[in-house]
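Top line first, the protein sequences correspond to chains A and B. The first sequence begins at 184 in our numbering and counts up by one. The second sequence begins at 184 in our numbering and counts up by one.
Treat the hints as calculated values from the structure; they're not laboratory data. Model, not experiment: these values are computed from the prediction. There could be a bad hint or two in this list.
Remember, identical chains collapse to one label, so a pair may be satisfied in a single copy or spanning two.
[To be verified] Pairs of lysine-lysine residues, derived as DSS-like cross-links and limited to a Cα-Cα distance of at most 27 angstroms, are as follows: (1) LYS337 x LYS418; (2) LYS373 x LYS263; (3) LYS373 x LYS416; (4) LYS519 x LYS461; (5) LYS446 x LYS373; (6) LYS495 x LYS520; (7) LYS340 x LYS292; (8) LYS418 x LYS263; (9) LYS373 x LYS418; (10) LYS488 x LYS373; (11) LYS373 x LYS346; (12) LYS416 x LYS263; (13) LYS185 x LYS346; (14) LYS495 x LYS416; (15) LYS493 x LYS446; (16) LYS461 x LYS263.
Number of protein chains: 2
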Amino acid sequence: MKIAGFDIGGANTDLAIIDYENDEIKNIEIDYAYLPMWSNNDDLSRVLIELIENICPVDEIDAVGISMTAELVDAYDTKKDGVLDIVEKCEATFNCPIGYIGINGLLTKDEILADPLQAAAANWIATAQIATLLSENCVFIDTGSTTTDIIPIKDGKECAIGKSDFDRLGTGELVYTGTLRTNLASFLDKVPLNGNEYAVASELFAQTADIYMVLDLITEDDYICDTYDGEGKSKEECARRIARVLCADLDVLSNEEIIEISKYMHQVQIKQITAGLKQVCETQNLDLVVTTGLGKNILCNEAAKLLGLKVKQMSEILTDEECILAPAIGTAMMMKK
Amino acid sequence: MKIAGFDIGGANTDLAIIDYENDEIKNIEIDYAYLPMWSNNDDLSRVLIELIENICPVDEIDAVGISMTAELVDAYDTKKDGVLDIVEKCEATFNCPIGYIGINGLLTKDEILADPLQAAAANWIATAQIATLLSENCVFIDTGSTTTDIIPIKDGKECAIGKSDFDRLGTGELVYTGTLRTNLASFLDKVPLNGNEYAVASELFAQTADIYMVLDLITEDDYICDTYDGEGKSKEECARRIARVLCADLDVLSNEEIIEISKYMHQVQIKQITAGLKQVCETQNLDLVVTTGLGKNILCNEAAKLLGLKVKQMSEILTDEECILAPAIGTAMMMKK
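Chain A with its partners taken away, still in its complex shape:
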């Protein structure tokens, strides 16, 4: 029995296909595609099919689970509009049973149509499923390309206080910062350099992927989003974008200075995640953290270390690659139940 789980994000659509034999997981296969839903959501159906067909013929799939965060993109006036459009496109794509991850568990199409917002930004519910396999009492933290989910789990159940993204921005359970797509200007106030402090340009000049390339913490293969200036992803091109954040260029700043600045920016982003993690751990009185996502080592583990928390890694039960797509895997698991 093969179950497909999709996590349809604003920028990336992730797929996990779990092959079950006698209710046991026999094999997990994963893939993902960059699909900017703010501009290209008409391609969704085609991308869903292509992702599956890269792994197996689509008619071998017995059921499809869907979780989403793409309803937030500005192509949709309201999140409700976004959920309804995505559901409609999924229903038009598959003939097998389809389920949708909602705040309170798996939903049918009819349940979603009755209350679309239940399915908005609920993919962390799916990911939390996996974390419970590692600990019944922990804070699960997943830093992806764009955002960081911080989900408290008690007695094997997620117990997040916020249910919508809006609420979770208030509880620390969602920190809108990530490993690739985050505008450096969004979390930097001043940048120290050579004994002085510099304010930054509030433009779309460079993103976190640029600093992690320069610091050798990701590779060009990890840099799956577009660059802000449409140029390439080499370290020199990343350095040039970072310099521009200080209204400078590579005539003005040396390579050593770019690295120094990037290290500082990295630390500021760690602190941004630390603040959310602290808020959740203190509210819930939890001191074990389970980390995953593309930013697991770069950001999550460092934030947990700053707070002196115990750390387990989801990579104890999933491969590193699978960790990055944990919401899709959790979605497939929930669809099986």
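Since chain A is already given, all that's left is putting chain B on it; use the hints.
Showing chain B alone in chain A's frame:
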């Protein structure tokens, strides 16, 4: 004798044509165009001509002065490349004498070719010329659509410590925040609402023009830049974009809540400018501020008030409309000398 002064910015190109009679200013005419130089710099020549022709035939112009900040846009690898490209395009456009505003005064084409960076982001030199007409000892502050220049003037001469944009980000003389195009995520950390505090989404969801529309501080005619989502500029559409910054929408947040949030965001932006103004006033021991630009009332006067500084307005000698285009007017004045 008619002198045209252009200020070629990243997003807007401004023109002032000053008509001199016996060395006295007889008339000033102004115009501007939205020209995103990061994507459309090939249109520069056409836009320069069209702007003039909207006022008078181009062959009536006796000389053209150029100041620029557009060399920073990410279409150019380095600022040097940007300056050279803009100079080449200007030279190909006009047959009359052309001068370029540089850090140390007016430059010829040959002087620029020898040292292009002198002309990078020097438009504030031109604006300072006008401020000296109001006071020999003051801090001149000009908040435009995107940035805020804070220029100290002593004994009738500008005495800024930083000469490049990079240096000026370190001295407080450039605060990269403005009345229209500034991403709200760039200056907001948390937003208080209903007794809670919410983090913000680090996306390109809403800009300062959206909050000033909602607060009735600008009109749709003032909102001359593109919206982030490509939708319209009505107050409701602006409110929808602002809601998205908190991962919310107009189903989630009421109009009163959007106004409350916008008022808070306005105050944070005032404080951002206040910090730069304080740094410059204290460094130079100056306590008179001359304010201008589109953000004169919305931001500059408020920042000066917070610091208890004396305030003069450039509108004592220029009309409100002319104040917004002060760099272009100053550029034309410098070209006359």
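**Asked** Checked against the structure, which of the hints given earlier come out wrong?
**Response** 1, 4, 13, 14 and 16
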